[in-house]
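Heads up, the sequence shown is in our numbering, so the first residue is 432 and it goes up one at a time.
Treat the hints as calculated values from the structure; they're not laboratory data.
Predicted model only: the values in this text are computed from it and were never measured.
Please note that the accuracy of each hint is not assured.
[To be verified] Here are the simulated EDC-like cross-link-like pairs (lysine to aspartate or glutamate), alpha carbons at most 16 Å apart as the crow flies:
#1 LYS1265 to ASP1091
#2 LYS811 to ASP921
#3 LYS1067 to GLU691
#4 LYS620 to GLU751
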Amino acid sequence: MTRTATPGVEGAVRDPRASETGFDTRLYERFPTQGGRPAGELEALQKAWETPRGWRAFSAVNNNFVGFLFIVTAFGFFVAAGVLALVMRVQLAAPLAGVVPQETYNQLFTMHGSVMMFLFAVPAVEAIAVLLLPQIIGARDLPFPRLSAYSYWAYAIGGTVFFCSIFFSLAPSDGWFMYPPLSAGVYSKGINADFWLLGIGFIEISAIAGAIELIVGVLRTRAPGMTLARMPIYAWAILIFGVMIILAFPAMIMVTFLLELERAFNWPLFDATRGGDPLLYQHLFWFFGHPDVYIIFIPASAMVSTMIVTVAQRSLVGHELVVLAMIATGFISFGVWAHHMFTVGLPGASAGYFSAASMAVAVPAGAQVFAWICTLAAGKVQRHVPSLFLIGGVLIFVMGGLTGVMVGMVAFDGQAHDTYFVVAHFHYVLIGGMVFPLLAGFYYWTPMINGQRLSERLGRWVFWLVFTGVHVTFLPMHLTGLMGMPRRVDTYLPGRAWDLPNLISTVGAFIMAAGVLLFLVDAVRCYWRHSGAAGARARNAFNGGTLEWLSAGNHGLRSIPVVSDLEPLWADPQLAADVEAGRYFLPGTATGARETLITSPTRAEPQYVQLMPGPSWRPLLGALFTAGAFLLLTVKALSLSAACAVLAVVFLMRWVWSNDRHIDPPIVDAGGGIHLPTYVAGPQAHGWWGAVLLCVTLGMIFLMAVFGYLYLHGAHPDWWRVPAPRGTLLPGLALLGVAAGSAYAARPLMARFKRGSGASAAAMALSALCLAAALAVDARDWWQAGLRGDASGQGASVYAMLAWHGSVVVAVVLSAFYYALRWMRGLAPGPANKTLEALRILFLYATLEGTVGLLLPRVLP
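Based on the sequences and whatever the hints tell you, model everything.
This is the structure we're talking about:
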């Protein structure tokens, strides 16, 4: 074939006016350059990206190291939760068994569900994305590597403490969804529920941090020429995954925040006797909980799509259709949450809508399954362990999907709700849709990571043990559920015909556990003999066509190529050799530091070279003290918690202190004589995108608080007894207007005055002061009007919105203080300043949130 290094459409290559960024795409024609590279170039690149050795390795922030630790930790939680499940299955193997006390059993099933959902399922797919995404899209690393490290350490530390609570009888016992009133202070005394609420809330913050990192990574760090049309299916899935997290997880953060407020301050948000409503908790929880299933499924299904292509040795049938199906799945999943609530007495129209939506979401999922079947049928299937797990996983997932359509029907759900039929359904879906793709991915991508394959012989044993164990365990549960066995019971009476199915399920659980144990033995054996120096042919053991197979170390690809196809390695057999020879972008280290290429969001045209941060202890220490601030609240150690919060803020501020690095010269050779800047600000900067996504997340959290206010107002209008104060409405709006104007004017002031950085710092300080004053005025007005948080649902919902907005204002004040410190040290030069741009976005968002919080309770009293 005739080889070209241009990024695609001929008109776009030859007409620089077609570029979205002004970048002359004809410069691509310089690649690949001929001849050798300068001596020592590769060694300098490897040294810049070297991981510290010994105990200093824990300060590493590159995605290869953090992603691997992330995966190992997530799988460790999977094994730990599996052990809890085995204890429960032993308890249920026979009627009236007394293996563990009832309270311990309640803690076991609560921790099993919580760990599997919050500490394994979502973190596992996020961990694989941290490790795999940069390699697939041709990036050196994710754009905020220290954020990835912080996200991991927050998850690992918080998750470990949370799991260990079961060894001290401090684990919650109210189910993994912690419904009130059972989880309220009246019925769940002690600190067990607080451990769950604060621990899970903290872990969700970690997941959101990782999601922002991944979204920006997909949009801004793709290899040149990797337009949206050429973006791998896995990158599309991670983009959808990240967007779903920042839209769905805020509901979980808000609902844990509200329940903790009720437990700590007796605010009756979920107490129906005082104007609250326990169904509000269910609405908020399942607005997170049901999309969470698809948050897990979409990246796993994209892994299947990626591996199916290699197994069949042909392109994915209906690539565009599969992308649209994933988008449709993500969209529809936000409209089906209440099908978990058919038995609470929903209005008929609502129940009918959610039932129809629940069945509609099966259509795009089915489209993906048919695309996989067609791809396998049209290709030449390779028979190895990954293909076994792929086909077995699809079979199990389809079985679970069929029972999902059944429980989506209102009449059937009324019979099967809270029985073992539902347990069987969601285990089939999650194991087939996530665990099997995960195991397939381990066998498929291990050569890329380790340079050698996991054992084929042991892998077949693992597959058949796990595949058989799944069916033996969960297939009988459909029967026990239809026979009336409820969920979350620690024992049952004899003579109900449940004995034999439960015994069979227990045997199946141990068969499945044997398969997982065998996999662990094989994985330890393989990774203990790490062989990262293997050649490209050994790494690409399955003849994959995407870029991750060219990864050769912490720096990823030797040089970042120009992409012209969905499977670039198949389209251009010479590409691997040219990349390895350093004939594309960033063949070395142009600045002596770690670097990656930032490209435009749609057409992936080079915009600038990002200077990447190196190893640092600050993300680890920041995560440690953040975890301490959250977890110490559970034992009411308020002074220690406050001290940890202060230390966390100090380390986080020190972590981002050097983000505005300027180098001399400011423009460097990015390869092939193409010169790019190393510093930009505004919408072109990747940090600007991160700030916007953070504000979207904060907005979704506040939107959930607004929903709670409106829900309680509509459900219990009789409890809205305190008239809304309106006397100081105009002063509050005036303060918010000054805050918005000051934040908006910060950049023009910097450009206008000779010492503009001082003027901008003063403007930011004034904005923060006005935001704090507006909040104080609002809270004082409600207090003087006689409203109390513990008096009614009205007071609880109003003060909950004020409390959340208060946390945002605290962040704004700290940001203003941080910017003032930078100005005092002379680190805020020029109007093009990334820190200033990001903080302006946060300040403007805070004024918008404050305005809504000020007006809503007064307009709708």
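Do the hints match the structure? See the list:
1. For the hint pairing LYS1265 with ASP1091, the CA-to-CA distance comes to about 7 Å; that is within 16 Å, so the pair holds.
2. Among the hinted pairs, LYS811 with ASP921 is inconsistent with the structure: their alpha-carbon atoms are about 50 Å apart, more than 16 Å.
3. Restraint check for LYS1067 and GLU691: the C-alpha separation of about 13 Å stays at or below 16 Å, so the hint holds.
4. Of the supplied pair hints, the one linking LYS620 and GLU751 is violated, its CA atoms being roughly 53 Å apart against a limit of 16 Å.
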